[in-house]
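Chemist: Sequence:
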Amino acid sequence: MEVNKQQLVSVIMSVYNEKEKWLMEAIESILNQSYRSLEFIIILDNPSNKKLENIIKFYNKKDARIRFFKNEKNIGLVRSLNKALTYVKGDFIARMDADDISLVSRIDKQIEYLKSHLDVDFMGARCINIDEDGKELYRDEIMPVDMKLIKSCLLNVDFINHPTWFFRKECIDKNEGYREITCAEDYDFLLRLITNGFKLGNTNEFLVRYRIRKSGISKSNSLQQLLYSKHVVKMYKDRVKYGHENEKVEELSNIKINVHQEKRYSLALEGLTKSKLYKNKNQIYRIYLILTSCMRSKYLRILLKDIIFHKVKKLMYIKKAN
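Going by the UniProt record's numbering, the sequence shown opens with residue 1, and the numbers climb by one from there.
Think of the hints as simulated: they come from the structure by calculation, not from any bench.
All C-beta atoms in this analysis are idealised placements derived from N, C-alpha and C, irrespective of residue type, glycine included.
Don't take every hint at face value.
What the hints assert, rightly or not - Straight-line alpha carbon distances no greater than 30 Å define the calculated DSBU-like cross-link-like pairs of lysine-lysine that follow: (1) Lys281 with Lys298; (2) Lys281 with Lys230; (3) Lys61 with Lys73; (4) Lys313 with Lys241; (5) Lys230 with Lys305; (6) Lys151 with Lys279; (7) Lys89 with Lys70; (8) Lys83 with Lys109.
Said to hold, decoys possible - Now the in silico label distances, taken between C-beta atoms and shown as ranges: (9) Phe69 with Lys135: 29 to 35 Å; (10) Lys305 with Phe69: 20 to 26 Å; (11) Asn280 with Glu132: 18 to 24 Å; (12) Tyr288 with Lys234: 50 to 56 Å; (13) Asp63 with His260: 25 to 31 Å; (14) Glu72 with Glu141: 39 to 45 Å; (15) Ile142 with Glu72: 25 to 31 Å; (16) Ile142 with Leu304: 43 to 49 Å.
Let the hints inform the model, and build the full structure from the sequences given.
Modeler: Pasting the structure below:
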């Protein structure tokens, strides 16, 4: 598909309980994009939060590109995003989270990427990770850009940050939106894109400031996310091998989460996340955090094994290319 400056980009965002300042920064970062041909579809999934509703309405009055919809009741992220997708009019779709910040040239650069890669249907980008006050914590590592490597690495780690997604509308038409897979709906979406024959790409430019919440580092559903992600990969492999999935999405709810193991994994994951802050400061303390986290939870060891495989694949690919 030929890309030009007149093509409409639909940005979709679901809002729930974000801080008012965060929401304002997120909205303004889209409205201030250098690429102007946008529609900004915002779904409020917390109808009782009048403060957030008033903020959205305020910007809606200032900029007609905003299309605001309020759910009658809380329906969750997956259903809210699928609802937003039913409203899109653009040839391209961009994801946005209500607590992140898109850099001013984000959409412009993603449009240009697809213009120079006409065979690519979907792309992601790197993030500058920030804390709750907007202070930079660390930056994402280099991402695979080759489809073969992307496909291989996705079997280990879901490394394409959701709020950086940018893709052609055809992806939605064939993928039929997100599926109800708690904590792993985006991972499932990516692997189904591959199954459906779409080509994925990435840019190694930093295009989004991704906010890491304190509550998000040790979230209570972290183990559930890991276990569901493992099943999402299994479902993908079944599709490739047998041409169909051997289990239904609804059956994933039967996975039992041990409360004690969940707590240990959350604490271990918090330690691993904290270790990233010391990458260029105190390597000894960083190694200490990683080791103690590994000892705390067998599930973190599983996660780290996948991360190591991901890194090794990238290094082998780079070495081969050189």
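Chemist: Can you confirm whether the C-alpha distance between Lys83 and Lys109 stays at or below 30 Å?
Modeler: Holds. Lys83 to Lys109 sits at ~27 Å (cutoff 30 Å).
Chemist: Is the straight-line distance between the alpha-carbon of Lys313 and that of Lys241 30 Å or less?
Modeler: holds (22 Å)
Chemist: Given the hint of 18 to 24 Å, is the C-beta distance from Asn280 to Glu132 inside that range or not?
Modeler: holds (22 Å)
Chemist: What's the verdict on Lys230 and Lys305, does the C-alpha distance respect the 30 Å limit or exceed it?
Modeler: The given pair, whose Cα atoms are some 13 Å apart, holds under the 30 Å limit.
Chemist: Can you let me know if the beta-carbon spacing of Glu72 and Glu141 is within 39 to 45 Å?
Modeler: This hint holds: roughly 42 Å between Cβ atoms.
Chemist: Is 20 to 26 Å right for how far apart the beta carbons of Lys305 and Phe69 are?
Modeler: At 42 Å between Cβs, range violated.
Chemist: Please test the hint of 43 to 49 Å on the beta carbon pair from Ile142 and Leu304.
Modeler: Since Ile142 and Leu304 have Cβ atoms about 19 Å apart, the given range 43 to 49 Å is violated.
Chemist: Within a Cα-Cα threshold of 30 Å, do Lys61 and Lys73 meet the stated pairing?
Modeler: It holds: about 24 Å lies between the C-alpha atoms, which stays within 30 Å.
Chemist: Decide if the proposed pair is consistent with the structure: Lys89 and Lys70, CA atoms, cutoff 30 Å inclusive.
Modeler: Roughly 19 Å between the alpha carbons, so the hint for Lys89 and Lys70 holds.
Chemist: Does the structure keep Lys151 and Lys279 at a Cα separation of 30 Å or less?
Modeler: It holds: about 28 Å lies between the C-alpha atoms, which stays within 30 Å.
Chemist: I want to verify a distance hint. Is the separation of the beta carbons of Asp63 and His260 within 25 to 31 Å?
Modeler: violated (49 Å)
Chemist: Quick check: does the Cβ-Cβ distance between Phe69 and Lys135 fall within 29 to 35 Å?
Modeler: holds (33 Å)
Going through the hint list in order, the structure does not satisfy hints 2, 10, 12, 13, 15 and 16.
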